[in-house]
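Number of protein chains: 4
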Amino acid sequence: MLVVMRHGAPAADVERVVAVINEMGYVAHPMPGAQRTAVGLVGNDGRVDAGRIEALPSVVRIIHVTQPYKQVSREWRPESTVVTIAPGVSFGGKDVPVIAGPCSVESEAQIIRAAELVRDAGGTALRGGAFKPRSSPYAFQGLGVEGLKLLVRAREETGLPIVTEAMDDEGARLVGEHADCIQIGARNMQNYSLLKTVGKLGRPVLLKRGMAATISDLLLSAEYILAEGNSQVILCERGVRTFDPAVRNMFDLTSIPMVHELSHLPIVADPSHGTGLRDMVTPMARAAVAAGADGIIVEMHPEPDRALSDGAQSLYPKQFADLMIELRGVALAIGRALPPSPEL
Amino acid sequence: MLVVMRHGAPAADVERVVAVINEMGYVAHPMPGAQRTAVGLVGNDGRVDAGRIEALPSVVRIIHVTQPYKQVSREWRPESTVVTIAPGVSFGGKDVPVIAGPCSVESEAQIIRAAELVRDAGGTALRGGAFKPRSSPYAFQGLGVEGLKLLVRAREETGLPIVTEAMDDEGARLVGEHADCIQIGARNMQNYSLLKTVGKLGRPVLLKRGMAATISDLLLSAEYILAEGNSQVILCERGVRTFDPAVRNMFDLTSIPMVHELSHLPIVADPSHGTGLRDMVTPMARAAVAAGADGIIVEMHPEPDRALSDGAQSLYPKQFADLMIELRGVALAIGRALPPSPEL
Amino acid sequence: MLVVMRHGAPAADVERVVAVINEMGYVAHPMPGAQRTAVGLVGNDGRVDAGRIEALPSVVRIIHVTQPYKQVSREWRPESTVVTIAPGVSFGGKDVPVIAGPCSVESEAQIIRAAELVRDAGGTALRGGAFKPRSSPYAFQGLGVEGLKLLVRAREETGLPIVTEAMDDEGARLVGEHADCIQIGARNMQNYSLLKTVGKLGRPVLLKRGMAATISDLLLSAEYILAEGNSQVILCERGVRTFDPAVRNMFDLTSIPMVHELSHLPIVADPSHGTGLRDMVTPMARAAVAAGADGIIVEMHPEPDRALSDGAQSLYPKQFADLMIELRGVALAIGRALPPSPEL
Amino acid sequence: MLVVMRHGAPAADVERVVAVINEMGYVAHPMPGAQRTAVGLVGNDGRVDAGRIEALPSVVRIIHVTQPYKQVSREWRPESTVVTIAPGVSFGGKDVPVIAGPCSVESEAQIIRAAELVRDAGGTALRGGAFKPRSSPYAFQGLGVEGLKLLVRAREETGLPIVTEAMDDEGARLVGEHADCIQIGARNMQNYSLLKTVGKLGRPVLLKRGMAATISDLLLSAEYILAEGNSQVILCERGVRTFDPAVRNMFDLTSIPMVHELSHLPIVADPSHGTGLRDMVTPMARAAVAAGADGIIVEMHPEPDRALSDGAQSLYPKQFADLMIELRGVALAIGRALPPSPEL
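Residue numbers (numbering that gives the first Met the number 0), protein chains in the order written: chain A, 0 to 343; chain B, 0 to 343; chain C, 0 to 343; chain D, 0 to 343.
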């Protein structure tokens, strides 16, 4: 950590910063420069709370050299973490699993049909929302527990493991009981109470990046889960807010190699929410795999025209089957592979 | 709602859109243009879920003419809502109350001293975090219930009503019991479970804008609370994400007149989080009042150098007292007034 | 400048960084930390090109402690610069001059009428575009030299000095001949050839912030003008790009106190472009003055309904006259003053 | 175009909008809705200036249904444009050419060595800046005309066509004389005088997206060039401003399929500026090809450690050679191909 003093700071102010750093148990390293003095704090174990120093007189700003997270960092654990949500379905290794399914679970027929289509095209896991976070209180909010049971039925039929979202503590416990992986949505990425709850549950977690979260914010949220003892965390890029009305979100694929550099956790990409437009899903799913994504999560609906939510970004079954073929080619080109579906 | 068809869409696709609109119980109004056809949906009561139409063939995009929220809109209720959190402390009328206090409750001595300083300078209410959402799991997380009790002690000493944050359902119930106004923080603005909970509690709610929330998103989150029967909602501008590293957030003061145009709810401004820099707080608090803010919420600490959180953006007591004098002048210049503190 | 090495960087890489810094004529200051080593570069005069060091092996990133600009900084010149564009019309002192007029010069009658309305309401200078940068090549591009001559006619009639935009070298020379202050628009903020040209012309320059420029970028662009020997630069906040479709731009008023802290140059605010909506102009102009703006530049059209450009953000004459009264009140409340118009 | 009236707008205001639309020569189509009336403007040929209508009383906002550009749109010209900058070097067909070279031309030895390395690895064209737009006036500004001559020497040696930037009218003429393709940089994307100049020169133009330009803005800037009679325009995605300090820019690869949908012009991607970090260049170049980019432009320096600019984002020669191999694989997987270099 580097403490930058203002131009012309009196010696007494610099000394006070040094004294406070020492008092906190670290080593202070003053660097008088041509224009201003900076004081290095040496020995930071990633837990220094900068607030106290930032408030001292003549301190202009604090520069963090060390990342604020710890257990999620690759420096903490150099080898990549592989998260296995079901036998043969792993994220973070050579495989690039594809999680697909409708935005919402709507009926038994719909979710079972969706699961069959996913399986038949070579998809690896089934997604589908039972608890839905909707911007409007008047929009369809999901079938709740009933939806979870239908997902379980679809797993029984197809063998595909289930990934579905939880929005609160009670939901997390229910999802943890029924599903193979608990999804935390973008809107709840900094819902720390929920993060602690899923940290304690011990189930694999798919943590989506918040709408305006930096990569550091995303890793810090994952740190909340690891700090509770659960290291089975899959990160997910799903696009961030943008000034360009042409797309719903800006799909930040650079986050994929960046997370691989900074952290040992796997990261998957969601081109459906990442673009918000059906026609963009296929090229951007290809791009995500080429960028090194450890998996793809994509919306596919048996009949998008009749979807109760997000129909416009859901692929048609035929589009999904074609996508799978294209993704196999791209994965192969970079030395990775789409897994065979669990059924085959 | 306007449904834009792609250039050269076949007549059958246009007819299908018309049919679906009629089937949904609304009136379709096709407008064949020089380059493309658009179909107007007339009769939208704010509850149309666009997803189904958006997914139809040849539909390029959906344009929303009507706002997606309802009870929070000024069209729904033309006269401004006045939210009273304690006798004589109202937001949304002529008064511009000032809520001040430390980021976190740290000790009995600290919070009582802070409350006295707020009261003596003419502040109207006391803020102070008992439950703290921190980006890092290793940062100080607040004193919890103990902090709530200390806030109550400070209210007994000074008569100032209390505003403090809740982060989950259990916290909301506790805060609702002890405090005069429940704050929902930026990170939880779209935690819909929590919004429903505070909607049911019936206590006044201070709802902060999320880090990348549009004004429409903020109003939709408020709609969740009103939809549960609680109309005592104060909105709060606290800055949004920015590309400029010079400031912590971009303080979007235009949201103030914009909310006044779109909604009947009061809106206050938080220049401490809105800028993240102590030296910017005073000019930006003045600017917020000049823009028409219905109140100011600001961080002040008896000893910022010893604060356990956010010290760098907390005002010194003397700065706060000076700020109050400046705010009185600006409020007066635009025909409003800072209220006398409840004690006087 | 601080050079951060990666975790586990070999000693040879650290030594190479030290050697390169010494070779460049600065002093290297290695700081071995608990997790990684950082090397301070001491003696930076603001001209170090970081590229060379950034490219060395094991260098993770470069942290700039010193600002990259020089002559525009308040450290270089502590007292505020006052820019006088005509006798009695100064920016950067106690006065808060108001520059007003239509987006485009459309006809002799229109611009003279506009100038009279500005003068009669107490405005200080006349704005009006002769050369117009328009997003579309098919939109009205301005009257060009003819427009400049009409502005001169309006100045003869009313005594108001003229501020108008130049878009290229030839235009800059023409504007420099006829007008009192050359405006550089947001789209040309980083058109360095144009900045050098106006730097050489010696006329006062009003430099608008680019659509996604940081405050540091804005100051660096001003540095281009000062580096040519012209210190008569007025900066202008006019809003930046935003994810919120509710407004055309996000009006970043914090840039005003921030520029005052970092630079000696005056800064004015443009609430017309800063919001893009007529109803937001008055509250946000008040807010800008309260934040400490050294002037206001605002669009007013004798008949906005007939404007050839930007009609929707232009004030009606009556609104402008009312605005002037409100601004006088706010200026007074913070110890500043709107100047009497030159004619009075 | 859709004109939205405010809730409760008097009939007279609606009639006035209708009258103005008719007066402008278009057909008005009023749609009275449950909450408000909207008026459709039918017959828009892409040249309607909305300003006049936007300013009418009771008009809340204008919604554009038709895109504001024309000749660049795929509706105007359905078949893709192929831009050929030299025999065998074409953008917009099946080939995916790779343009590579140093940020700046520094010396004869450097640029010839760079060109040889590009050619030997299979690159298709040489990039290298002679005129450099630098944020700071004190940074290296390029060798100017001398640099152009060195580029010509490198072309003589290797046969690679040259792409280099022009920053003003005089520079554009010089670049047009010496180089095969004139680059317009991000900072000058809305320098309309320069766009008109290169439109008249008739040489192929590589137009980079501005730092906060929407895709629509980028296409409108291209429209300026086409409107002067030059349709040889290659667009370029190079990242946009972001709130995340982890990267220099946010590389918006969705712009590639989006441009392909909206326009017939080819689009290439620049992962060097798009990320600003050498380690991100290779994965993001692969991702760009997978997303459908019509070419790649990348920085490679014979000795990045000694580069006078942008050393940190320049690839080492070995990295570039490896990149070429990876790109061939990805291109093949999606049915495209990297061209053999012109020399082979």
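One or more hints might be untrue.
As the list makes no split between identical chains, a pair holds if one copy fits it or if it spans any two.
Claimed, not checked - In silico DSSO-like cross-links for lysine-lysine, where the CA-CA straight-line distance does not exceed 30 Å: (1) 317 / 148; (2) 148 / 199; (3) 317 / 195.
Because the hints were derived from the structure by calculation, they are not lab data.
Violating hint indices (sorted, rising): 3
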